[in-house]
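Asker: Residue numbering for the sequence shown follows numbering that gives the first Met the number 0, starting at 0 and increasing by one per position.
No lab work stands behind these hints: they were computed from the structure.
Just so you know, these numbers come straight off a predicted model, no measurement behind them.
Beta carbons: idealized from backbone N, C-alpha and C, even for Gly.
Take the hints with a grain of salt, since some may be wrong.
Ranges between beta-carbon positions, derived for each pair [said to hold, decoys possible]: (1) R39 - G104: 18 to 28 angstroms; (2) N134 - N76: 36 to 46 angstroms; (3) V23 - K59: 17 to 27 angstroms; (4) N64 - E98: 16 to 26 angstroms; (5) K36 - T116: 25 to 35 angstroms.
Here are the computed lysine-lysine pairs in the DSBU-like style, where the Cα-Cα straight-line distance is at most 30 angstroms [claimed, not checked]: (6) K49 - K35; (7) K35 - K51; (8) K35 - K20; (9) K45 - K55; (10) K59 - K42; (11) K20 - K59; (12) K94 - K51; (13) K45 - K35; (14) K94 - K21; (15) K49 - K36; (16) K28 - K49; (17) K94 - K55; (18) K36 - K20; (19) K28 - K51; (20) K55 - K42; (21) K45 - K94; (22) K94 - K49; (23) K35 - K59; (24) K55 - K28; (25) K59 - K28; (26) K42 - K94; (27) K59 - K36; (28) K21 - K36; (29) K94 - K36; (30) K42 - K28; (31) K55 - K36; (32) K35 - K21.
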Amino acid sequence: MATLGIAFILQPATASASPSKKAVLRAAKRAERAAKKSERLFKRLKSDDKVKVANKLQNKTDDDNDGLANVLDPDDNDQDVDNDGIKDGNEVQNKTDLEDSDTDGDGISDDKDLHPTDSDADDDGVLDGDEDSDNDGTPDGQEDDNNVKGLISAITTTEITVNNQTFTLDSNTQYIGSDDQSVTQAYFAIGSCVEVEPDNSGNAKKVKLENDSCDSSSDD
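Please build the complete structure, drawing on both the sequences and the hints.
Answerer: Right, dumping it as structure tokens:
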């Protein structure tokens, strides 16, 4: 009976070839084009979707530590592209335009504006920046930084009564009514009689409660 012989030929293992400089450059250009495309698409998203996308990518590379991943950031080396004092990542969360220091065009910079996405918050037909809320003869848009309203981020007052209901206020800006139900900022700001002192984070740090006439010379 004939036998079948099988021969095995062993080939020495070969190391994977090193990529050429041209290949690396081509890959880098593709990555750069992809990043620019993602930035353009991100810019076209609705505000709510921007927040969702930014949060999904919050653990990605962020060279300037502005809270916005490089793949979404128009400038990876600048925390505040529009120089309004608010980091780009905070702008996205606030739903303001990170490339426009006055998102709603009312004459008040986003970091000083209580309603940065509404140019006429009281619907009286007058831009908020042209209003003179404290009747001092100077339009709100030209007021000194210490005399304008901003967003509320921390409250040192421990208690406030609104519409005969007592609210407990804590440093995390959690609004809890006497019935233990959550209350929104809009409810707390009823009557627009709350003055705040802003800082460069885009949020206010202090709250001064005033009387019903909003007269800054007489505090409750």
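Asker: Would you mind marking each hint as holding or not holding in the structure?
Answerer: Status of each hint after checking the structure:
1. R39 - G104: 18 to 28 angstroms: 23 angstroms Cβ-Cβ, so the 18 to 28 angstroms window holds.
2. N134 - N76: 36 to 46 angstroms: holds, 44 angstroms
3. V23 - K59: 17 to 27 angstroms: 22 angstroms Cβ-Cβ, so the 17 to 27 angstroms window holds.
4. N64 - E98: 16 to 26 angstroms: For N64 and E98 the Cβ distance comes to about 19 angstroms; the hint holds.
5. K36 - T116: 25 to 35 angstroms: holds, 26 angstroms
6. K49 - K35: holds, 16 angstroms
7. K35 - K51: holds, 19 angstroms
8. K35 - K20: holds, 23 angstroms
9. K45 - K55: holds, 15 angstroms
10. K59 - K42: The given pair, whose Cα atoms are some 18 angstroms apart, holds under the 30 angstroms limit.
11. K20 - K59: With Cα atoms ~26 angstroms apart, K20 and K59 stay inside 30 angstroms; holds.
12. K94 - K51: Satisfied, since the Cα-Cα distance of roughly 11 angstroms is no more than 30 angstroms.
13. K45 - K35: Judged against 30 angstroms, a Cα distance of about 18 angstroms means the pair holds.
14. K94 - K21: violated, 41 angstroms
15. K49 - K36: holds, 15 angstroms
16. K28 - K49: OK: K28 and K49 at ~25 angstroms, within 30 angstroms.
17. K94 - K55: Given that 30 angstroms is the threshold and the Cα spacing comes to 16 angstroms, the pair holds.
18. K36 - K20: holds, 24 angstroms
19. K28 - K51: Satisfied, since the Cα-Cα distance of roughly 28 angstroms is no more than 30 angstroms.
20. K55 - K42: With Cα atoms ~16 angstroms apart, K55 and K42 stay inside 30 angstroms; holds.
21. K45 - K94: holds, 9 angstroms
22. K94 - K49: holds, 8 angstroms
23. K35 - K59: holds, 16 angstroms
24. K55 - K28: The hint holds at about 25 angstroms.
25. K59 - K28: Roughly 20 angstroms between the alpha carbons, so the hint for K59 and K28 holds.
26. K42 - K94: holds, 12 angstroms
27. K59 - K36: Since the Cα atoms of K59 and K36 sit roughly 17 angstroms apart, the hinted pair holds (cutoff 30 angstroms).
28. K21 - K36: Holds. K21 to K36 sits at ~22 angstroms (cutoff 30 angstroms).
29. K94 - K36: Holds, at about 21 angstroms.
30. K42 - K28: Since the Cα atoms of K42 and K28 sit roughly 21 angstroms apart, the hinted pair holds (cutoff 30 angstroms).
31. K55 - K36: holds, 18 angstroms
32. K35 - K21: At roughly 21 angstroms apart (the allowed maximum being 30 angstroms), K21 and K35 satisfy the hint.
Consistency with the previously given hints fails for number 14 only.
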